[in-house]
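K.L.:
If you read the sequences in order, they're chains C and D.
Converting from the first sequence to the working numbering requires adding 31 to each position, the first position being numbered 1.
Converting from the second sequence to the working numbering requires adding 1 to each position, the first position being numbered 1.
Incorrect hints may appear among the rest.
With a straight-line Cα cutoff of 30 Å, these simulated DSS-like cross-link-like pairs (lysine-lysine) come out [to be verified]:
1. D/207 <-> C/294
2. C/128 <-> C/65
3. C/192 <-> C/157
4. C/101 <-> C/157
5. D/131 <-> D/35
6. C/69 <-> C/128
7. C/214 <-> C/101
8. C/157 <-> D/134
9. D/35 <-> D/75
10. C/128 <-> C/101
11. D/35 <-> D/73
12. C/294 <-> D/210
13. D/131 <-> C/294
14. D/210 <-> D/298
15. D/131 <-> C/157
No lab work stands behind these hints, which were simulated from the structure alone.
What you are looking at is a predicted structure, and each value in this text was computed from that prediction instead of being measured.
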Amino acid sequence: MYRDIFSTMNELSSRGAPFAIATVIEIGGSGSAKPGSKALIDADARVILGWVGGGCVENVVRQEAMESIKDGRPRIVSVDLTDEVFGVGMPCGGMMKVYIDPILPPPQLVIAGHGRIAETLALFGKIAGFSVTVADPGATSEAFPTASRIVSAGFNSAEIKIGEDTYVVVATQHKADHLSIKKAIEAGAAYIALVASRTRAQLVFDYLAAGGIDEGRLAQANVRAPAGLDIGAETPEEIALSIMSEIVLVRRGGSGRTMLEAKEMSGSRTVLE
Amino acid sequence: MFDDFLAKVTALRSDGCPFAVAIVVRFQPPVSGKPGDKAIVQADGQISGWIGGGCVQPIVVREALRAIEDGKPKLVRITPARDFGAEYGVANYTMTCHGGGAMEIYIEPVLPPAQLLIFGRSLVAQALCKLGKTIGYFVIVAGPGLDRLQFREADRLLESWDVRGLNLDRETYIVVSTQGEGDEEALEQAVLTNVPYVSFIASPAKAEKIVQFLAGRGAVPEALSRVKAPAGLDIRALGPEEIAISILAEIILIRRSGKPLHRNLPQSEASAPIHAVDPICGMTVDPGSATHISEYKGRTYYFCSAGCKHEFDKQPETHPIPSPPA
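This is chain C alone, in the form it adopts within the complex (with noise of 0.2 Å):
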């Protein structure tokens, strides 16, 4: 049963899929599934395999690991198997609680160009849990060990798809640059940020202007330019860094303050008077 699981869990973990496991954690009474029976529920509420208890049971698990894939948090549903009004409507008895564990594939960080800020941010991706993909003519699998995909065709390719989970980070120092974030804008990708100075920034955002994307636009998809929290990065790495910040940021929220200040900010007493 175990290595079922795992197994398909494999499967679906290496497509891609998104998923949900739910796990029976408490049983009060009789019941047909017992503490430890799993099923895995995908993104359609359809139970690919396991078993978590009958019907009444059943729909109320597959409609919450829908729900849970959707908004990407676990969950305890406790089903009371005795109330026909306000439970689930059949009286098999007893009561039961089921764990949810939304798996949901990586987030995507997409990064146009190479050199040692790329190199670096692709690192720092892979560690903070992201699906890394490079897309540059100049990228080897050398430069990029923690890369999953190479795309050499470069970011405005067919190959690179952007999704609402993609994070796009352009930092080809090109002259085209102005065409990759438009694709990622247009793409509605979740965070779009442009490696560039403040000047040379100005430059792309005007191209983009004359392209059609005016400021409100750019305003909307929120582009990043110049990328990363402004902590006196100097170094590539150390703007590597910045950069990886700023989409922890942009994906968990917060206000890039120091964590002392953010506190002394919403009144609460420092840890020290």
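Position chain D relative to chain C; hints supplied.
P.N.:
What follows is chain D alone, placed relative to chain C:
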């Protein structure tokens, strides 16, 4: 000649000593230093190599010490001209030797990498080690029970909380990432140091509890108040890797904030006047090596030659107090 230079550089590098390299890049005769002449200036002001004569050397040493302090390379231009337009990264001096020549010297600081000292073997500690090494820090991990396999990238492992044997005069950043294994012991050692950054990875409630405990044990309140807890930047970091990223972002922020870096450079030479002006001829004199000296009304005067000293001593009151060149 170049071999001596290279050997000296290599030795200082491997000892982790900060120094600056000075190279003459342009000259306008008559001056004694020629393009390609090189010297190494150490943090105590000691100079080895050759970049020119007595009036140039004190300037080079002074600017080299500044470069070691602020970490920025610069071009030093020494010309007979008196009016200079300000140029970014260029320090201008008036040539006070009388020959009328000019020279330009490029000075570049070579600093040992900053140290990242991690206490503990938690997952955050492991991620910090990996990320810190990639950024270029000299990474030291301290604490009992460390597993080399979990800290492959570390430059040094220390099987103890006791870090008194480490060279913490170097620019050092400390992160206490024990997460339940020796929190008190590790933080107690960390606050004994005098480094610019000590952070403690813990929830605010736990941090407060442990800080109070250490205060009760007699830890210096100022040292405790410098501990950053909660640590890192507010990017809502989730999981050990993201926490490590937020901590390193805070370290870079502090490191690059423009405040002088904490390094316990030898103060004697750096704070002594490394520059004096001969009140008779206006030449720059190195007080450390000057042999012609006079005292007048509680002030010390340095001279380039016995002739100047003699001239001064005849009528000291008629000579204005010279101000050092800008």
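K.L.:
Honestly, which of those hints from before does the structure not fit?
P.N.:
5 and 14
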